[in-house]
Amino acid sequence: MAPPSLALEKVALLERRIRLEPPDGFLDSTPAYATLLIRFDPRADWRTSEARVRGLVDPIDHSTSARENTNPIRVVEIPVCYEPEFAPDLERVAIESGSSVLDVIAQHAAAEYKVAFIGFTPGFPYLLGLPEQLHSARLERPRIRVPAGSIGIAGGQTGIYPRETPGGWKLIARTPLRMFDPAKPEPSLLLPGNQVRFVPIDAQRFAALAEKENAR
Amino acid sequence: MSAQLRVLEPGMLTTVQDLGRSGYSSLGVAIGGAADSFSLRVGNRLVGNSDSAAGLEFTLTGGLFEFEKDTAIAVTGGIADALRNESPFPMWSPIHVRAGERVRIGPVRRGVRVYLSIAGGIEVKDVLGSASTHLAAGFGGHEGRALRSGDALNYRESAEQTSDIDARVLGTDLLHRRTIRAIEATLEGHFKREAAESFWASEFAVSNHSDRAGIRLEGADEIQSLCHGRMTSEGMTHGVIEVPENGQPIVLGVDHPTTGGYPVIGCVASVDLPILGQLRPREKVRFERVSVNDARKLLIEREAELGRVLPQRPELS
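Chains as they are written, first to last, in our numbering: chain A, 344 to 559; chain B, 38 to 354.
Hints were generated in silico from the structure; no laboratory data involved. This one's a predicted model, so the numbers in the text were calculated from it and none came from an experiment. Incorrect hints may have been included.
In silico lysine-lysine, DSS-like type, Cα no more than 27 Å apart, as pairs [stated by the list, open to error]:
id, chain 1, residue 1, chain 2, residue 2
1, B, Lys106, B, Lys162
2, B, Lys334, B, Lys321
3, A, Lys555, A, Lys527
4, A, Lys555, B, Lys162
5, A, Lys527, B, Lys162
6, B, Lys321, B, Lys229
Hey, can you work out the whole structure from these sequences and the hints?
See the structure below:
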């Protein structure tokens with residue numbers, strides 16, 4: 344259940360405006376599907392800052408978002424392996440959607456996704472654009488260990504686990520890419536607004552890419 | 038000159054922490070840092086550091102450490118045993134440690150977390166602008182993980198004299214205040230007024246399943262929300278009080294998920310955030326509603342009290 348992407352555009356625009364001209368006491372902001380959390384220094388004069396933010400929100404409508412969000416769209420290709428050892432829930436998703444494993448893979452890899460926001464844990468992208476036939480409920484019992492790079496599905500949401508963590512999303516593929524590297528100037532591989540395409544690879548290619556990623 | 042702090046016994050969960058990293062929440066990186074930042078700041082001031090110097094955070098147990106060179110240290114936070122070569126020394130006061138001496142800290146008898154500050158701070162490489170250990174993502178601090186025996190950390194040798202200041206008074210609220218001041222969230226569409234009132238009137242027990250990411254609370258009555266799991270994720274921050282479907286609130290800690298999908302009933306006032314780092318499983322807590330203005334005043338008063346007892350040393354340039 345993801346809100347329309349118009350909300351996302353407004354959130355992105357508001358965040359841009361705030362970062363261009365931060366109100367007094369501004370510390371940090373966290374975008375999500377339809378909200379922007381703004382943190383201020385609690386000692387700052389919050390009334391003035393709140394008024395400033397309201398002043399920035401009010402004039403945002405569809406036309407201003409189209410006008411100001413003129414950044415070229417970045418397309419990122421994410422190699423993923425759908426072989427059984429990397430996709431423990433793929434067969435179940437296929438059965439539930441009444442199609443074959445190959446069909447699910449074809450649909451998943453053909454779709455275009457958009458990064459709504461990065462949340463939960465460092466580098467975890469929440470992606471929009473999961474084909475409706477692939478929508479699938481969370482696991483009844485979350486896994487204690489979800490391997491890093493796993494592509495998960497929960498309802499209409501889909502995302503990529505950057506690190507091994509516990510998790511309740513169904514896992515249908517895995518990427519060897521590192522989603523988050525704090526040593527890089529841009530630590531997160533994906534950023535809000537990016538377009539994502541999943542490119543199927545086999546286990547051999549997965550191993551080769553994983554080795555390359557770890558060597559860096 | 039750099040010297041080594043040798044870890045002889047690491048304790049259950051001991052990490053390098055400073056005041057955390059700001060500015061990366063849009064990449065999924067929470068503020069992190071010392072769960073009881075106030076105690077770390079006091080410890081830092083006691084040994085002449087800037088507030089943001091890195092120290093060690095202990096959890097329930099302490100540890101055993103050997104100092105290679107002379108330095109000044111201070112131990113703050115929850116009440117714990119503190120021994121230098123087997124003889125007890127007071128917490129909340131700076132003490133001098135000589136080369137080769139061993140310091141034992143713990144167990145923690147009241148509160149949860151204890152901080153060790155060393156003059157000059159612990160030297161680790163900053164990651165995303167902070168020395169804090171981010172355990173879930175495995176970066177920052179010492180190799181992105183909790184300390185193990187055999188580890189060695191660098192600190193700066195210091196021959197500086199220690200004063201005989203006693204800052205114990207500053208720890209009173211951290212260890213004794215269990216009525217936590219918080220600001221009510223906008224309830225619109227998320228909670229009925231009666232549900233919110235029952236939250237503010239309830240007493241909760243701190244669950245065993247509490248950690249740096251969040252404090253889980255258990256109350257006699259479920260706090261009913263109107264959302265039934267149909268919320269979309271939104272940004273979260275330290276101190277936010279979420280109510281999941283089981284009606285038992287979670288207060289987000291320093292290592293919180295940066296986004297979450299449960300309705301929010303309130304947010305702990307900044308002045309009381311450090312108390313969250315000292316809430317011990319099974320302790321009873323309540324929440325007291327305060328206005329944004331009062332929350333701000335309380336914080337400014339607390340900062341003034343800290344400044345009176347321990348003026349911050351101007352940063353050396």
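Results of checking the hints against the structure:
no.: 1; hint: B:Lys106 <-> B:Lys162; result: holds (21 Å)
no.: 2; hint: B:Lys334 <-> B:Lys321; result: holds (26 Å)
no.: 3; hint: A:Lys555 <-> A:Lys527; result: holds (16 Å)
no.: 4; hint: A:Lys555 <-> B:Lys162; result: holds (25 Å)
no.: 5; hint: A:Lys527 <-> B:Lys162; result: holds (14 Å)
no.: 6; hint: B:Lys321 <-> B:Lys229; result: holds (25 Å)
The structure shown violates none of the earlier numbered hints.
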